[in-house]
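**Student:** With these hints in hand, go ahead and build the complete structure from the sequences.
In order, the protein sequence lines correspond to chains P and W. Residue numbers for the first sequence follow the working numbering, beginning at 380 and rising by one. Residue numbers for the second sequence follow the working numbering, beginning at 572 and rising by one.
It should be emphasised that the hints constitute simulated quantities derived from the structure, not laboratory data.
Pairwise CB distance ranges, derived in the manner of DEER restraints:
| no. | chain 1 | residue 1 | chain 2 | residue 2 | range |
| --- | --- | --- | --- | --- | --- |
| 1 | W | 611 | P | 380 | 13 to 23 Å |
| 2 | P | 405 | W | 642 | 31 to 41 Å |
| 3 | W | 584 | P | 421 | 17 to 27 Å |
| 4 | P | 473 | W | 635 | 26 to 36 Å |
| 5 | P | 384 | W | 667 | 28 to 38 Å |
If you only want the chain P side, here are some residues facing chain W, beta carbon under 7 Å, derived:
| no. | residue |
| --- | --- |
| 6 | 421 |
| 7 | 422 |
| 8 | 423 |
| 9 | 425 |
| 10 | 475 |
| 11 | 477 |
| 12 | 478 |
| 13 | 480 |
| 14 | 483 |
| 15 | 485 |
The C-beta atom is built at its ideal place from N, Cα and C for all residues, glycine as well.
Given next are the chains, with one letter for each unit.
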Amino acid sequence: GENVEQHPSTLSVQEGDSAVIKCTYSDSASNYFPWYKQELGKGPQLIIDIRSNVGEKKDQRIAVTLNKTAKHFSLHITETQPEDSAVYFCAASKDKAAGNKLTFGGGTRVLVKP
Amino acid sequence: EPEVTQTPSHQVTQMGQEVILRCVPISNHLYFYWYRQILGQKVEFLVSFYNNEISEKSEIFDDQFSVERPDGSNFTLKIRSTKLEDSAMYFCASSVAEAFFGQGTRLTVV
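**Tutor:** This is the structure in C-alpha cells:
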C-alpha cells in the first residue's frame, strides 16, 4: 500500500520568513495530494491540493509543487505569520473523487515566532 | 460554512466496554469516513462508507469495529469491546470530492 513520509517533524521560523515542508510517497498510482492544517482543538482543514497533471499550484502565500517522477511534493508558505502556527499534514490518494482514502504523512508542527 | 460535527469531544471508557462515537457529516455529502490518530503516530484510515454500506476498510477495522448511518444524518463508529490500544483521536470525514474533517473525538481507554 501507499506510504507517505513527511519532513521535518517540527519547524520553527521567524515571522516573515518562508517555511517549506516536504513529503515523499511510494505508490505511483497516487494522483491527488492534499495538504491539511490542524490548529489546536480542531480537525484537519484542507488548505491546498494538487493533482498529478499539474506541477505547481499557488494560492496567495501558499504554494505546492509536485515532482511525480521523483514521487515527492512540497508545501511552501511565504511571509509567514503567527496564525500560520499549526500542524500541517500532507496526504496522498489515488484520486480527488469521493471515496478514495487518504494516506497521511506524519505531520509537521510549525511554529512562527513573532 | 458547513462543517462535520463530532460528539463527544472526549470520551473516557473502561477496557472491555462498548463505545459509540458520533458524527454529523455535511448534509449533501455522500461518502463518509473514519480515521484515527494514536498519539505520536500518523493519521490512519479506518473505513469508508457509501450508499449505506462499507466501501473500503483497513486491516485495523476488525470485527470489534462497526459503522452505521442510523437515521440519515448521523454516522457512528462503534467499538464493541475497547482495548487500551484503541486510545486515540478519532476523526470523522465526509466528501463529495475532497474530504472535510470533524474536530475529532479523543477516546481514552483505561
